[in-house]
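Peer 1: What follows is the residue order along each chain.
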Amino acid sequence: MQGFVNRHLFADTVDSRALTVPAMVFHHMAESGEYSGTVFQGARETGCFRLKVGTGPGQVNIDLANLAPVYEVGAGGYAVFHVSGGAGGFAVVIARQGYVFDTRKLQAGDLFAVTLMRPGAYTVRNEVTGETARVLVAGAAADSLAFNITVTDQSMSPQQVEVAGGQGIVFRLEAPAALTLRPAE
Amino acid sequence: MAHVTVAASQKAFTKTLDFLRKNFRLQKSATVKQGRLTATYDLAFHLENGTIELRNDGTVRIKELDIKWDKLKLRLGVDIPEIKVGGFCIIPNPFTGGCAVRAPEIKVFSANPDITLNLDLGSSVHTEVSVTARPELKYFTNPERHPADSDHDAREHGHPHQWRIFIHPSQVDLDLFDVADTAGDLLKQAAEDAVNSALGGQPDWAKKAIKELVGSAIEIFRKALDLPDDLSEWLADLLKHTLGLTNLIIDAVGNYYVNNHPIALEDPFPILPATQEGLIPVLVPLRNLSVRINAQELVVEADVGV
Numbered sequence: 039m040q041g042f043v044n045r046h047l048f049a050d051t052v053d054s055r056a057l058t059v060p061a062m063v064f065h066h067m068a069e070s071g072e073y074s075g076t077v078f079q080g081a082r083e084t085g086c087f088r089l090k091v092g093t094g095p096g097q098v099n100i101d102l103a104n105l106a107p108v109y110e111v112g113a114g115g116y117a118v119f120h121v122s123g124g125a126g127g128f129a130v131v132i133a134r135q136g137y138v139f140d141t142r143k144l145q146a147g148d149l150f151a152v153t154l155m156r157p158g159a160y161t162v163r164n165e166v167t168g169e170t171a172r173v174l175v176a177g178a179a180a181d182s183l184a185f186n187i188t189v190t191d192q193s194m195s196p197q198q199v200e201v202a203g204g205q206g207i208v209f210r211l212e213a214p215a216a217l218t219l220r221p222a223e
Numbered sequence: 085m086a087h088v089t090v091a092a093s094q095k096a097f098t099k100t101l102d103f104l105r106k107n108f109r110l111q112k113s114a115t116v117k118q119g120r121l122t123a124t125y126d127l128a129f130h131l132e133n134g135t136i137e138l139r140n141d142g143t144v145r146i147k148e149l150d151i152k153w154d155k156l157k158l159r160l161g162v163d164i165p166e167i168k169v170g171g172f173c174i175i176p177n178p179f180t181g182g183c184a185v186r187a188p189e190i191k192v193f194s195a196n197p198d199i200t201l202n203l204d205l206g207s208s209v210h211t212e213v214s215v216t217a218r219p220e221l222k223y224f225t226n227p228e229r230h231p232a233d234s235d236h237d238a239r240e241h242g243h244p245h246q247w248r249i250f251i252h253p254s255q256v257d258l259d260l261f262d263v264a265d266t267a268g269d270l271l272k273q274a275a276e277d278a279v280n281s282a283l284g285g286q287p288d289w290a291k292k293a294i295k296e297l298v299g300s301a302i303e304i305f306r307k308a309l310d311l312p313d314d315l316s317e318w319l320a321d322l323l324k325h326t327l328g329l330t331n332l333i334i335d336a337v338g339n340y341y342v343n344n345h346p347i348a349l350e351d352p353f354p355i356l357p358a359t360q361e362g363l364i365p366v367l368v369p370l371r372n373l374s375v376r377i378n379a380q381e382l383v384v385e386a387d388v389g390v
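Going down the list, the protein sequences come from chains P and G.
So the first sequence is numbered by the numbering used here: it starts at 39 and just counts up by one.
So the second sequence is numbered by the numbering used here: it starts at 85 and just counts up by one.
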């Protein structure tokens, strides 16, 4: 019976450079074209795919734990990199004609979303600038509310949010960032 | 006009009721699947109480016969639908007011659990049946009677042929099938136990978080099975109709009498007993038997013949 619970959903540590079940990255695909995608776990390459940007939906969900060979998204839409199950720890690089996007180096305009289940206080840290914020998780809720934190090169705002387990926390980047969440000391 | 008339009073019929109460036992288990629900029952019951009445319309009526549940266990396997978190809006659509980009949903359970509830309802269900029956005559040729035996020999050896009068049910009614309100409480507790079991070795905070997500244990089952507010009524309907206990009880009680415990008349019939002086009993063969019932007695009439 224990195997029934998606235990990786209940992780208490999240890192935008190594995506796991609670964490996902949203990247704006402005330019049409065909991109190559490579998936890593640590230094090890675990898979690849093609991403066609042109006509298509406004969003494509790319499950790094269950890759398909080809994905399509409309120009101006978003590629969403997420992990449906397993230990995760994935990073993605997509490239085309000199253009490179690496989830280990998030840029302004990217979004990083987290779903925390475990109650407690967490410290959010931008590993690029050293800036921190605080997230408090209490209880759990089945609704689809999300709370926003804006990340600049000098701060995170608001400095503290309070959420219920299962609700979303969306980090809207206005500067390069690499975000971690860990239980507060 | 009949040569022989034998009558049995209502009191004599009490013996048939006693026999039913003493000997009838039913034991059965079965499984029924309906939608998300797989229900298995394991039951055993006997009969108690009841009154017997002879009636002028030629029938025998047994009333208020209680079904006593020696065992009434129910196992409910429920296929729980997927429970997910996430799906929140990342980028609203300014034109429609909806959502342009949404976070993917994440499954709370890595595999859909089939959660099992175990219920012991033996003391929560009160059931009564009544039986309306008519007499039915059959002739029993005793296979143990030796071909060389005379009628007296056969009687002495305990193997005479017989006329047998069976009480043949023409109607069995389930007068009462009541599930106590406490059964609803049993169901809630069983749901709680089942969910706790499914969450197994998870830490308490994880169990709490999941329960806060999906509501109480009984809410999980209400949504999965579309349960009404009155859980006892739902259980009663499940038992009576979905699991078919109404028909099971009616058929079992009805069929029991068909071939069991007749009122037996020896053939030939001893119209005079043996005497102390050594005279053997006087036996006369019975032919053209007929049976009728009125409010006072059962009357058997026959011709004496060869």
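Honestly, the hints are just simulated from the structure, not real lab data.
Quick caveat: nothing in here was measured; it's all calculated off a predicted structure.
Each residue gets a CB set at the ideal place from its N, CA and C atoms; glycine is no exception.
Where hints are given, some of them may not hold.
[Claimed, not checked] Here are some chain P residues pointing at chain G (derived, C-beta under 8 angstroms): (1) Val131; (2) Ala159; (3) Leu174.
[What the hints assert, rightly or not] To give an idea of the interface, some chain P residues facing chain G are shown, with a C-beta separation under 7 angstroms as derived from the structure: (4) Phe48; (5) Ala49; (6) Phe64; (7) Gly94; (8) Pro157; (9) Ala180.
Peer 1: Please list, smallest to largest, the hint numbers that this structure does not respect.
Peer 2: 1, 2, 3, 5 and 7
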